[in-house]
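From first to last, the protein sequence lines stand for chains D and B.
Take 0 as the starting number for the first sequence in numbering that gives the first Met the number 0 and just add one per residue.
Take 0 as the starting number for the second sequence in numbering that gives the first Met the number 0 and just add one per residue.
Warning: the hint list may mix true and false statements.
For chains that are exact copies, the list does not tell them apart, and a pair is met inside one copy or across any two.
To be verified - For lysine-lysine, the following DSSO-like pairs were computed, each having C-alpha atoms within a straight-line distance of at most 30 Å:
(1) 667 with 213
(2) 624 with 392
(3) 213 with 193
(4) 392 with 479
(5) 392 with 186
(6) 161 with 193
(7) 213 with 171
(8) 211 with 667
(9) 598 with 310
(10) 171 with 211
(11) 231 with 523
(12) 624 with 471
Worth flagging that the hints you see were computed from the coordinates, not collected in a lab.
Protein chains: 2
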Amino acid sequence: MSKAADDGGVPGGRGEPAQQLGGEAAGGKLASKLSASSFTPGWTKVSCPCCASERVEPLVLVKLGQKAVPETKRWLIKLIGAPQKDGGAGLLAHPGEDATGNIIVLSAPRCTLLRATEELGLCKIYHTGEMEAFAYNDRDNFRNSDNMEVFLTSAERQYIIKYELDGLRAQKDLRIPGLPDSCTLQKRDNIWQKLGQVGVVVDTFPLHNPDKLKDLSESWYSGNQLSQPLDKVNEYFGSSVAFYFSFLDFYTWSLLPPAILGLFIAYFSSRFGDEIYFTDYKNIWYPLISGHMFQAVFSMLWSTVVIELWKRRSSTLSYQWGTLNLAERFAEPRPGFHGDLGVNPVTGRVEPLFPEWKRDLRMALVSVPVVGLFLGLVVLGMMCFYWAEARVKWLHKDWDSMISQTFLYVPSVLHIVYTNMLATVYRTVATSLTEYENHREESAYDNHLTGKILVFTFFNNFAVLFHIAFFKQDVPLLRKRLASLLIITQLVNQVTEVVIPFLVDRFISAPNRSEREDDPKEDKFRNQGTLPTFPGLFAEYIELLVQFGYLSLFSCVFPLTAVLLLLNNLTEIRSDAYKICKLFRKPFYPPVASMGVWKVAFEVLSFVSVVSNCWLLLLSPRLQKTSQEAGMSGSHLLVGAVMVEHVLILVKVIMAALIPDEPDWIRKKREHIEYTSMQALRQQVSQGKISKAVCGKTKYTLGLHNK
Amino acid sequence: MSKAADDGGVPGGRGEPAQQLGGEAAGGKLASKLSASSFTPGWTKVSCPCCASERVEPLVLVKLGQKAVPETKRWLIKLIGAPQKDGGAGLLAHPGEDATGNIIVLSAPRCTLLRATEELGLCKIYHTGEMEAFAYNDRDNFRNSDNMEVFLTSAERQYIIKYELDGLRAQKDLRIPGLPDSCTLQKRDNIWQKLGQVGVVVDTFPLHNPDKLKDLSESWYSGNQLSQPLDKVNEYFGSSVAFYFSFLDFYTWSLLPPAILGLFIAYFSSRFGDEIYFTDYKNIWYPLISGHMFQAVFSMLWSTVVIELWKRRSSTLSYQWGTLNLAERFAEPRPGFHGDLGVNPVTGRVEPLFPEWKRDLRMALVSVPVVGLFLGLVVLGMMCFYWAEARVKWLHKDWDSMISQTFLYVPSVLHIVYTNMLATVYRTVATSLTEYENHREESAYDNHLTGKILVFTFFNNFAVLFHIAFFKQDVPLLRKRLASLLIITQLVNQVTEVVIPFLVDRFISAPNRSEREDDPKEDKFRNQGTLPTFPGLFAEYIELLVQFGYLSLFSCVFPLTAVLLLLNNLTEIRSDAYKICKLFRKPFYPPVASMGVWKVAFEVLSFVSVVSNCWLLLLSPRLQKTSQEAGMSGSHLLVGAVMVEHVLILVKVIMAALIPDEPDWIRKKREHIEYTSMQALRQQVSQGKISKAVCGKTKYTLGLHNK
């Protein structure tokens with residue numbers, strides 16, 4: 000252990016020396032030996048108490064702020080390298096060129112990776128070839144468990160580093176070395192969060208692996224391939240991203256049937272008029288079976304089948320990617336979670352607790368009313384817009400001057416400005432609300448935040464269309480609006496999402512970066528920091544959801560919807576892939592077992608679509624005329640439509656209940672895992688080992704105190 | 000081991016002698032020592048290889064048929080007493096007065112009971128006071144595990160005996176001693192099923208415990224108590240019966256709010272006419288809020304709240320009764336299950352397997368169409384009835400003679416006969432269909448059978464009412480019909496269910512039984528066999544479901560429904576309790592975790608009620624008149640009703656989603672169990688014990704062959 004490290008303020012040297020790279024390299028003398036060119040194939044020979052590894056892969060870059068003096072940096076490296084039982088993160092840290100630089104490059108030793116794999120509840124391939132929940136004690140029976148770069152995906156290795164950093168908590172009150180006295184950590188404070196708040200750490204992001212990235216992009220979007228390399232995407236970006244692309248892929252291909260039907264109907268409509276008459280004689284039922292009706296019923300059933308099949312596909316993917324059995328509930332709470340310290344009744348560990356009923360109360364009494372208020376503001380804005388538009392038109396008719404003509408655009412402009420401002424405010428409010436709800440798990444937090452923004456965005460997008468369909472009851476206007484929305488929004492999306500970032504990257508950022516082959520590794524890492532942060536999958540998912548909404552809610556008024564969407568999505572797959580690979584930093588994503596709240600959103604939409612389609616069919620002028628000719632009153636028609644709607648909803652519910660959400664073989668695997676753990680419990684309780692097991696890791700018992 | 004037992008044909012004596020009571024008592028000489036008076040407090044001192052017990056409680060009576068010669072009986076007693084690893088049932092058997100009598104009295108030793116407790120997945124109180132899944136290896140840490148009469152409920156002990164008997168399978172081909180050569184058992188044949196088929200065993204039923212029964216009935220229905228002793232019911236009759244009575248209790252008390260509301264509305268209706276006018280001035284909305292409307296909306300929301308609260312209550316009861324964690328999926332398949340022998344991928348045991356898709360196919364292609372056909376026959380019958388009635392009336396108007404007047408009753412009589420015949424045929428068909436579907440678990444079989452009969456019975460009960468409400472649209476007729484149904488069916492039910500059995504029991508059966516205090520125990524046991532078999536809970540549940548249907552589907556036409564039902568149920572609780580205690584044999588019921596398919600039926604009904612109530616409100620003549628006065632067209636009214644319906648369904652769905660199905664503390668307990676077993680798995684895999692554990696008990700490896 001070098002002297003400098005000891006001076007850094009970490010007490011260290013308690014029992015076994017921290018033989019991590021961080022510990023060794025923290026000193027100025029040693030650091031000079033590790034020139035940047037030694038980043039790969041290996042930093043130095045690393046050995047930790049439980050495993051030895053010949054090669055260190057740089058995984059994550061930490062960028063320090065102005066406030067981080069060398070003393071702070073040395074303390075930080077020491078902390079990161081210290082074993083978990085001493086309150087450290089058990090990772091490998093490299094200080095970059097020297098101890099005064101503003102980056103730290105992180106990697107993880109095998110034992111930390113394996114322990115975290117167990118903690119996260121990831122499944123890996125057992126020696127029998129089956130997926131089994133990974134157990135550290137049984138590590139030698141898992142395939143490839145000696146080679147971390149094969150055993151864990153690159154996304155998992157990087158996420159584990161983030162997981163360990165986020166899990167760092169102060170063992171007791173301490174001052175951060177090199178910072179003013181006001182920057183102290185209370186016992187059990189989250190260290191990484193605090194460091195970010197005081198400006199010591201300004202950025203933590205995973206590093207790209209240029210070779211792998213090149214390989215991935217070649218098989219993903221460079222050629223003319225039709226299928227996506229989803230397993231590779233999962234390997235490189237993690238299951239969250241891979242689930243998005245899998246769904247995009249699945250959804251795009253499932254657009255084929257409605258697209259073909261739409262083309263067929265559009266062709267016949269243009270030749271024979273709006274309705275397909277099967278016979279000439281005046282039988283009342285035949286003309287009722289118009290092309291649009293057929294399409295409406297088809298799309299209502301289609302949406303259920305697609306969603307049910309996706310659930311099956313999703314659980315298969317989740318099994319393949321080892322995320323079927325995630326144990327987030329049993330892991331440490333997320334960094335932002337707070338509450339009174341107590342014993343968790345499930346895991347038996349001491350951690351902050353927050354009663355469920357309090358959260359429910361906060362949701363019911365605060366979140367729901369606030370979200371409702373914002374939805375009300377959207378409606379209010381829309382009503383003001385219609386009112387103002389009517390006033391302005393009336394004014395223009397009276398005046399008919401240049402000024403009044405300009406006024407004609409004022410309501411639209413004001414409405415757009417209002418809507419955008421509202422959306423921005425809402426986003427902030429939604430984040431605070433979700434923070435206030437104080438969810439224990441990261442995934443619950445994400446789902447609640449996503450859910451809130453989702454409802455609002457959806458409402459914002461569809462309020463006008465619903466208004467036209469249900470209040471104005473103006474089908475031609477709806478058709479015009481839908482067509483323009485479909486074409487314009489898609490063009491705008493493609494431009495804002497890909498073309499602009501591409502141009503910015505090529506002509507503004509890239510010249511400043513000017514990367515050369517012989518640049519030191521470290522500079523290349525640093526360069527990745529200049530790329531913008533990946534904006535997240537929310538925008539991508541909401542785009543799909545809005546598409547799906549256009550298609551399922553209003554498809555019957557514009558039969559070519561599916562065709563347009565299919566064409567759009569085929570390019571979307573490529574542009575999204577290009578975007579995530581080239582235009583942004585690599586994002587951190589936790590392993591997930593499904594699309595989460597998005598699945599629910601698509602499901603809800605598919606039920607709403609029945610109501611909307613039945614209503615639109617009822618408005619169809621041709622149907623109204625035909626039924627009048629046949630002597631049916633409006634009420635009879637309405638009763639008929641309501642009956643059709645109820646039957647269709649019933650059929651959808653039954654279909655959704657009958658199609659199992661997971662394939663049979665996955666169910667058996669899952670039950671097998673349940674059975675084995677039940678058996679293990681029965682076998683073991685007698686040996687009195689459970690009490691120990693329940694207490695789990697004693698991460699925080701030994702203090703890492705500050706001199 | 001007595002000689003007679005050896006002659007009995009069981010090979011026995013392989014290694015350790017079967018020291019069960021059965022083994023000892025099978026011989027004629029020994030049996031004579033065990034006079035009937037020695038049944039209690041103990042048969043003989045019993046000791047089995049793993050436990051010793053001073054006292055044997057007679058639990059189950061097996062009645063043998065004419066075919067069972069003494070040789071067969073000795074073989075059977077030997078088989079029942081043989082240890083499980085030798086293919087026996089591991090039970091205690093007492094031959095009654097002597098080896099030639101036609102009864103066998105069964106009990107179970109501690110180790111068999113405890114092993115079965117683990118196999119069934121029952122939870123028991125751990126030494127910490129918490130409920131934990133019972134593990135045989137850890138038995139000493141469970142409270143009262145040395146005293147079976149406290150540790151297990153009497154229903155559980157008796158069910159375990161049935162479970163072990165049902166699990167008896169031939170180890171290899173063998174001939175049943177004393178029977179003709181044609182009666183042979185193939186390897187893996189279910190022995191108990193076969194013995195029933197060939198007429199050796201004609202009856203197997205659990206024995207009443209007169210003291211406990213007296214105690215139970217005193218606290219249940221003899222006094223004026225308002226609450227039922229549900230825990231005692233669970234102790235004596237098992238959780239299936241206890242769940243029924245808990246639900247009856249819960250449902251009866253939850254009738255209070257609608258009953259009070261109904262009384263209130265009936266009172267005001269009689270004083271102020273059908274509608275409550277809040278003001279005098281002609282505002283259109285006030286008169287719309289009529290009492291009936293309020294009641295309809297109230298009852299729609301009430302039904303959801305009741306069902307959601309019942310789910311919570313149900314999971315609490317399930318936790319208290321230790322059935323939260325039943326392991327039926329992992330146990331042996333039910334006796335009737337057949338399929339090709341193979342390795343169960345979940346448990347790793349060799350057993351018959353039957354692919355899921357084949358079952359699904361059978362359900363989709365056979366069961367569903369056949370059930371649909373029968374429902375069609377119900378409708379057909381109803382249509383024929385209406386047609387015939389119209390014809391007969393028309394005929395009577397023309398003729399107006401005595402003969403034609405008699406004819407007036409013919410359609411009704413024919414319809415009743417037709418309906419009853421159809422129901423009988425359907426019951427047989429439903430049983431065969433469910434048998435054909437080949438379910439692996441007893442509970443799945445029960446649920447599918449119950450579901451089928453349920454749909455039919457419900458359809459049979461409500462088809463006429465729906466026809467009146469939706470096609471004839473005749474609210475007064477509906478009201479008349481509903482009132483008469485409510486009163487008549489309840490009277491009929493009470494009479495057929497209680498009064499007739501009571502009279503039969505008191506005046507026909509009892510004099511024949513003429514039990515005296517000094518009768519030998521054995522005769523008292525035998526006497527229980529003369530009581531009729533308990534007809535099952537289906538009729539009880541369907542009665543509640545039909546009640547609930549009247550209340551939630553059509554309540555708004557007859558406000559006093561809830562009052563009538565409340566009065567009925569308060570007597571129903573007592574009469575049902577009396578019935579199950581006194582008029583029938585004690586039934587076998589497996590431990591269950593909930594009401595099963597009945598919960599779903601109540602839930603579905605609660606959603607259908609929204610549709611039906613909204614429609615009935617629309618038909619309300621007062622509403623139609625008011626809206627006409629206000630200048631609303633029929634279509635507008637219809638659109639309004641549809642909107643109200645959709646909003647109510649949405650509210651119900653959201654309410655059902657928001658109210659958690661289990662209380663928070665139960666969820667935590669459940670997650671704690673999951674967590675402990677996950678930890679156990681992780682701790683243990685390393686020790687290579689799972690492979691052994693997975694193979695489970697090797698019940699069938701050693702043969703019990705016939706000489």
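message = Tell me the numbers of any earlier hints that the structure contravenes, in ascending order.
response = Checked against the structure, the hints that fail are numbers 1, 2, 3, 5, 7, 8, 10, while the rest are satisfied.
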